[in-house]
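One letter stands for each residue in the lines below.
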Amino acid sequence: MDNTKFDESTQKELQTFLDREQAQARLHSSIHNLTSMCWDKCITSTPGNYFARGEESCLANCVERFLDTSLFMVKVIEQQRQSIGQ
Amino acid sequence: MDNTKFDESTQKELQTFLDREQAQARLHSSIHNLTSMCWDKCITSTPGNYFARGEESCLANCVERFLDTSLFMVKVIEQQRQSIGQ
Amino acid sequence: MDNTKFDESTQKELQTFLDREQAQARLHSSIHNLTSMCWDKCITSTPGNYFARGEESCLANCVERFLDTSLFMVKVIEQQRQSIGQ
Amino acid sequence: SVRSEIALANAQELMNKTNEKCFAKCVTKPSSSLSSTEETCLTRCLQRYMEAFNIVSKTYTARISKERETS
Amino acid sequence: SVRSEIALANAQELMNKTNEKCFAKCVTKPSSSLSSTEETCLTRCLQRYMEAFNIVSKTYTARISKERETS
Amino acid sequence: SVRSEIALANAQELMNKTNEKCFAKCVTKPSSSLSSTEETCLTRCLQRYMEAFNIVSKTYTARISKERETS
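Protein chains in written order, with our numbering: chain A, 184 to 269; chain B, 184 to 269; chain C, 184 to 269; chain D, 31 to 101; chain E, 31 to 101; chain F, 31 to 101.
These are calculated hints, taken from the structure and not from any lab test.
A hint or two may mislead.
[Unchecked claim] Taking lysine to any residue and the SDA-like style, the derived pairs with C-alpha atoms no more than 20 Å apart in a straight line are:
1) Lys88(D) <-> Glu69(F)
2) Lys47(F) <-> Glu69(F)
3) Lys59(E) <-> Met80(E)
4) Lys258(C) <-> Gln77(E)
5) Lys224(B) <-> Leu201(B)
6) Lys258(B) <-> Leu44(D)
7) Lys258(C) <-> Lys96(F)
8) Lys59(D) <-> Glu196(B)
9) Lys96(F) <-> Ser62(E)
[As the list claims (entries may be wrong)] Pulled from the structure, derived: some chain B residues nowhere near chain D, Cβ distances all over 10 Å:
10) Asp251
11) Arg264
12) Ser266
Because the structure is a prediction, the values reported are computed rather than measured.
Every residue, glycine too, gets a C-beta built ideally from N, C-alpha and C.
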């Protein structure tokens, strides 16, 4: 790989651009996985012309509670580390 | 990466070869995924010396109907686009 | 990629290092997949302060029997090849 | 461009997931052709999956920006 | 060569999937060794999975070439 | 370094799997907040999943080295 063709400021710009695009791709991948997982958890009836009662709020709650779960798990791990450190 | 070692016609041949191999790898990957998915859908009994009644035709129908589904979904999306465009 | 910067012995060392790290990554990936699969097979109750009766031995047996299964399958394929060769 | 490649990959992934989920839900016993009941189910399932994707997208991005503000 | 690497990867993937599916089907409660019932089930399951793979392969490639002709 | 990147990726993968498995087990009907029952379940599930990972790790690596000796 030959980077000497670009001057430093161009290289930095390029890096920022690529970082942003990679973050975008990771975001999309998270949204696809969450949609798939929350669909299986919340949509149990045969699809109708509208969502069944409770399905829409279940989808939004599923995303929020999954993120709560991730934060909660980090907190539990931190607490366990501290109690071992005492 | 230094491509200057190959002349243009060699490069094209190489590209054609690599494209074909990649298509082959994608084909294999589709067949593995379909086998896995249709196995779960069609083979519900404990495996015997032969397939149980209906399992073999279920496997072939599963592949055909999955491809029908993909084509049908594209058609529905096209129709929705057109009805919005009116 | 320009490899001419390294002499032969350095290149070999580098290769050995990378091979070992790759083997490590494959090992980790196998352990994650086995944990996930054996968790689903063995842990059917709501998580308590300890594993429920039989869950711990189920996890260890699950790993051992999965590896037995892989070896058994290779043996069956070998036998079928030989019986066709006769 | 990198940007349009990502958008295309995203749309393709959405179609793949939709096909997979709706085939699983609507075509439980594959027969010699798609029945009209199955096609109705697939049409509705497609609409619901796209809606689900939008709800998840909005909820997730709203939460992520809220988390960023508070931290 | 690239070609033989793909063939090898394909065979390995088939073995991995077969082991995964047949272990799930035949070894439901892993004990201290594989029982003879489990081994019989695994042998049959291996044969059935290979057959299933062939049926899917044939059906899929036939359909793909049919689609190409008509389009 | 390559080594610390692998260790980090391994820890992240373990956290991702733990969150996925414990959310599936403990939060069956997502509501407007995590209940205390769900949080208790998550705490225990986290401990059990880490233990399960250790059991699988030990059993797997012990078996692999045994296989290497005999072959």
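_Going through the numbered hints above, which ones does this structure break? Give me the numbers in ascending order._
Structure breaks hints 1, 3, 5, 8, 10.
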